[in-house]
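Undergrad: Residue numbers (my numbering), protein chains in the order written: chain Z, 1 to 100; chain D, 1 to 647; chain P, 1 to 170.
Just so you know, the hints here were simulated from the structure itself, not pulled from any lab data. Even glycine gets a Cβ: it sits at the ideal position worked out from N, Cα and C. Be aware that a few hints might be false.
[As the list claims (entries may be wrong)] Here are the in silico distance ranges between beta carbons for each label pair: (1) D:614 - Z:83: 40 to 50 Å; (2) D:628 - P:64: 28 to 38 Å; (3) P:162 - Z:55: 35 to 45 Å; (4) Z:94 - P:128: 51 to 61 Å; (5) Z:3 - D:628: 53 to 63 Å; (6) P:105 - D:628: 51 to 61 Å; (7) Z:94 - P:125: 24 to 34 Å.
[Stated by the list, open to error] Simulated pairs of lysine-lysine, BS3-like, Cα-Cα distance not exceeding 27 Å: (8) Z:99 - P:167; (9) Z:99 - P:92; (10) Z:87 - P:167; (11) P:166 - Z:99; (12) Z:99 - P:93; (13) P:125 - Z:87; (14) Z:99 - P:125.
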Amino acid sequence: MVTLTSYLILSAAMFIIGATGVLVRRNAIIVFMSIELMLNSVNLTLVAFSAFLGDSTGQALVFFVMTVAAAEAAVGLAIVIALFRRKQTVNLDEINILKW
Amino acid sequence: MIAYTPLLVLFPLAGFLFLGLAGPRLRNEKLIGIIGSGMVGLSFALALGILMQMLGSAPEERKAVVELFPWISSFTGTMGSFSVSVAYQIDQLSILMTLIVTGVGFLIHVYSIGYMHGDRGFWRFFSYLNLFIFAMLNLVLADNFLLMFLGWEGVGLCSYLLIGFWYEKKFTGDAAKKAFVVNRIGDFGFILAMLLIFVTFGSLRFDTVFAAASILSPGRTVMVWITLLLFLGATGKSAQIPLYVWLPDAMAGPTPVSALIHAATMVTAGVYMIARCSLLYALAPVSLEVVASVGAATAVFAATIGLVQNDIKKVLAYSTISQLGYMFLAMGVAAFGAGIFHLMTHAFFKALLFLGSGAVIHAMHEEQDIQKMGGLKKHLPVTYWTFVVGAVAIAGIPPFAGFFSKDEILWKAFSSDFGSWVLWLLGALGAVMTAFYMGRLVFLTFEGKERFGHDLHPHEAPKTMTVPLMILAVLSAVGGFLGVPKSLLGSNAIEHWLEPIFDPANHKLLITEHDIVWSEYVLMAVSVAIAAGGIYVAWVMYLKRTGMADRLAARFSRIHRVLLNKYYVDEIYDASVVNPIVTISDEYLWKGVDTTIIDGSINGSARGIGAIGSALRRIQTGVAQSYAVVFVGGIVLVVGWLLLQSH
Amino acid sequence: MTLESILFIVFAAVGLASALLLVTRRNPIISALYLILNFFALAGLYLTLHAQFIAVIQILVYAGAIMVLFVFVIMLLNLRDERSLREGLSWKKVFAAGVSFGLLMEVIYILMTSASGMTELLPAKATEIGTVEAIGSRLFTRFLFPFEVTSVLLTAAIVGAILLAKKKLD
Chain Z
1 MVTLTSYLIL
11 SAAMFIIGAT
21 GVLVRRNAII
31 VFMSIELMLN
41 SVNLTLVAFS
51 AFLGDSTGQA
61 LVFFVMTVAA
71 AEAAVGLAIV
81 IALFRRKQTV
91 NLDEINILKW
Chain D
1 MIAYTPLLVL
11 FPLAGFLFLG
21 LAGPRLRNEK
31 LIGIIGSGMV
41 GLSFALALGI
51 LMQMLGSAPE
61 ERKAVVELFP
71 WISSFTGTMG
81 SFSVSVAYQI
91 DQLSILMTLI
101 VTGVGFLIHV
111 YSIGYMHGDR
121 GFWRFFSYLN
131 LFIFAMLNLV
141 LADNFLLMFL
151 GWEGVGLCSY
161 LLIGFWYEKK
171 FTGDAAKKAF
181 VVNRIGDFGF
191 ILAMLLIFVT
201 FGSLRFDTVF
211 AAASILSPGR
221 TVMVWITLLL
231 FLGATGKSAQ
241 IPLYVWLPDA
251 MAGPTPVSAL
261 IHAATMVTAG
271 VYMIARCSLL
281 YALAPVSLEV
291 VASVGAATAV
301 FAATIGLVQN
311 DIKKVLAYST
321 ISQLGYMFLA
331 MGVAAFGAGI
341 FHLMTHAFFK
351 ALLFLGSGAV
361 IHAMHEEQDI
371 QKMGGLKKHL
381 PVTYWTFVVG
391 AVAIAGIPPF
401 AGFFSKDEIL
411 WKAFSSDFGS
421 WVLWLLGALG
431 AVMTAFYMGR
441 LVFLTFEGKE
451 RFGHDLHPHE
461 APKTMTVPLM
471 ILAVLSAVGG
481 FLGVPKSLLG
491 SNAIEHWLEP
501 IFDPANHKLL
511 ITEHDIVWSE
521 YVLMAVSVAI
531 AAGGIYVAWV
541 MYLKRTGMAD
551 RLAARFSRIH
561 RVLLNKYYVD
571 EIYDASVVNP
581 IVTISDEYLW
591 KGVDTTIIDG
601 SINGSARGIG
611 AIGSALRRIQ
621 TGVAQSYAVV
631 FVGGIVLVVG
641 WLLLQSH
Chain P
1 MTLESILFIV
11 FAAVGLASAL
21 LLVTRRNPII
31 SALYLILNFF
41 ALAGLYLTLH
51 AQFIAVIQIL
61 VYAGAIMVLF
71 VFVIMLLNLR
81 DERSLREGLS
91 WKKVFAAGVS
101 FGLLMEVIYI
111 LMTSASGMTE
121 LLPAKATEIG
131 TVEAIGSRLF
141 TRFLFPFEVT
151 SVLLTAAIVG
161 AILLAKKKLD
């Protein structure tokens, strides 16, 4: 018997794996993909709740998350390209101007 | 006319602003002089117009308040609401003071055109004088204590600026500071008195306060405090014991300043203030006694110092202190009208004497020592004759102005319910000394042999200086007829004029008019006799037998030295007040408290924050991932805390 | 064991494995391919939840469009041989991993201790709400305004992306 909790735990595990990727990887593109992973794990939660509650609102919300993810991917990748042009690297440790 | 009252104040203000801002670029002494004097002259003319209108109306319609704008208005607090307006009050007393201030002030302005000729700060001098007139008119015309205090402080500021007018010299700066600091002590009393008045009556407007006071009965402790604190303010501004020490030093300023501020007008502010608050003093007879005692004591004390001074302006300065003592004596024996009368005549003859001494100093090329003068009569005829008029007026020889006013005070000091023969005796003692030192001053300066070098050729001052002297001489000669007492078949016009102002106080004190009694004539004769006697003794000592003064000085050398050194009051103040304060400030408060504790704690906290900052700045790496780690760590902690809470 | 359980376990295992491989691979291209695999596993899971529309969209939009963009950028930048990106183990990383593991433990603890009361999936109802028709009517009725605003968002994203990626930034 597959319960709601199993979906939620699976989703949480994937979310944490994504978060760990964001926190430890240096490659900006891999960090970015980890963020996509986190978004998808949240989507899984939404769909699971939607199905178990019998309410389609959750799935509509997933639709919107996907739109936002598409926009975010386009802008984010553009930033990565601009960054690479300027610093010749995508190593996040070397991008340390976020101070003062 | 009365509706134009604010213009009285605004003319000198305009003059001050214009001369202060445009003065350095004018480069034309005549123009500056005309503007400076003209503004005061306009005020004087307007004041005359207002006086004419008042004379044409019934006594009870002579009072008016013209409000210009609200100054401070606060919401209702526990003490009630506090609101003060810039409002000017015209009544018999304030118009009289306005006429004295603007009239004498105008003459002194004109005189200054000649006296200050060629001075680098010519424009500055006139702008300060205009500012002074502005402040002084605020003082006398104010309809509430706070605006009066504004003027009170304003004249103090102008006094400071003008004493230290020649700021290149150290001693003028020192004298200015001394005047300012000593005045602050008195002002402190004034401020406390204002606070007490507000707490007691809930307002600072004269009308409201006096209306509330008129239904009180005498003998309340708070009234004693209010009046004594006000009197402390008066002793500062009007140079009475114990705060008189600044006035002799104030002679470091230009002579017209001494005439205007330190003789005729500003120093009488204390007298005016007590006259204005006569009703409050009537509620505190104890304070009246204090005022009378201090006044009488000052009158004698300052006169004794004046006996032996050799600086022509110092003699006049101590004379001023002494004469102010008479005015306070009059206030203290509840002879308010007589005090104001003497204030007016004193303004005439003391301004005259100071301006005359200025002409002498001018002619002698800044020499002020009367021992190095003599025989100036033939070089400076106009100055001589006007000075003599002033001298006999102050000495109290009839029919000159000083006789009537001083005699009125002495008579009241003797006959009033608050007077006594002791007060009269002190006053008479002061009067004989006044006559003596004025005689000495005239004889040493103008008569006898010339004691100055032959390369010095004194010459008479220009018209701008002599004409004001002559006008003031006329006023000193005839000014007294405004107050001829009933006993001499006069009508005592000035006291009659002022009656509505002092009626509430007199009513409170149950003072009624006395009938003419024979003793008045006796005392009058005595005072004429002692005035003449004083002059005669001076004549004998300094003209007839010239060596006598020195022999007397040698005989009583100890007393003479004490008098010459002004009773060592300055030295006593230095030792007892000034030096301890300086030592405490310097050794403990500055080097101890300020540098170590205050600076130390401030610098220490700054250094501590700097250290914390340089430690914390390592956290800010600039790498977004580190921030994200902290962010997630924060989530872990918050969730963990919530979990712990739920159990 | 029902078919349902078997499918869940298979998809969950594939999803977790591909997610782990995604964050551990050095070469971004390999990571991207594992992410695509992860998306397919998720699509499968959506199907077990009877969410047909979302499953299809997941493959079309995510695996199809977004991931193409990723792969395109990776190839454009040609990052494969970058030496500086050799990732070592550091205390910082251990700490970061520890923090996220702590978060995982907390979430699992919460999920295990709180009874949701919704253990039963009702297939009939779930099928009904997962259809294109059901979601479409939802989007065009209750969520009409957000739906229209989405177009503004996408336009802004397109403009922003072009502006950022232009050769001359200034």
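Undergrad: Determine for every hint whether it applies to the structure shown.
TA: For each hint, the structure was consulted:
For residue 614 of chain D paired with residue 83 of chain Z, a C-beta distance near 30 Å fails the hint of 40 to 50 Å. Take residue 628 of chain D and residue 64 of chain P: their Cβ atoms lie about 29 Å apart, and the range 28 to 38 Å holds. About 38 Å separates the C-beta atoms of residue 162 of chain P and residue 55 of chain Z, a value consistent with the hinted range of 35 to 45 Å. For residue 94 of chain Z and residue 128 of chain P, the hinted distance range of 51 to 61 Å is satisfied, since their beta carbons lie about 53 Å from each other.
A C-beta distance of roughly 32 Å is found between residue 3 of chain Z and residue 628 of chain D, which places it outside the suggested range of 53 to 63 Å. Between residue 105 of chain P and residue 628 of chain D the C-beta distance comes to about 19 Å, which lies outside the given range of 51 to 61 Å. A beta carbon spacing of about 53 Å between residue 94 of chain Z and residue 125 of chain P contradicts the range 24 to 34 Å that was offered as a hint. The straight-line distance between the Cα atoms of residue 99 of chain Z and residue 167 of chain P is roughly 26 Å, inside the 27 Å bound, and the hint therefore holds.
Taking the CA atoms of residue 99 of chain Z and residue 92 of chain P, the gap is near 19 Å; set against the 27 Å cutoff, the hint holds. Between residue 87 of chain Z and residue 167 of chain P the CA atoms are separated by roughly 14 Å; this keeps the pair inside 27 Å, and the hint holds. Distance restraint check for residue 166 of chain P and residue 99 of chain Z: the Cα-Cα separation of roughly 26 Å lies within the 27 Å cut-off, and the hinted pair is therefore satisfied. Among the hinted pairs, residue 99 of chain Z with residue 93 of chain P is consistent with the structure: their alpha-carbon atoms are about 21 Å apart, no more than 27 Å.
As the CA atoms of residue 125 of chain P and residue 87 of chain Z are separated by approximately 54 Å, the hinted pair breaks the 27 Å bound. Annotation: proposed proximity of residue 99 of chain Z to residue 125 of chain P is violated, straight-line Cα distance about 53 Å (limit 27 Å).
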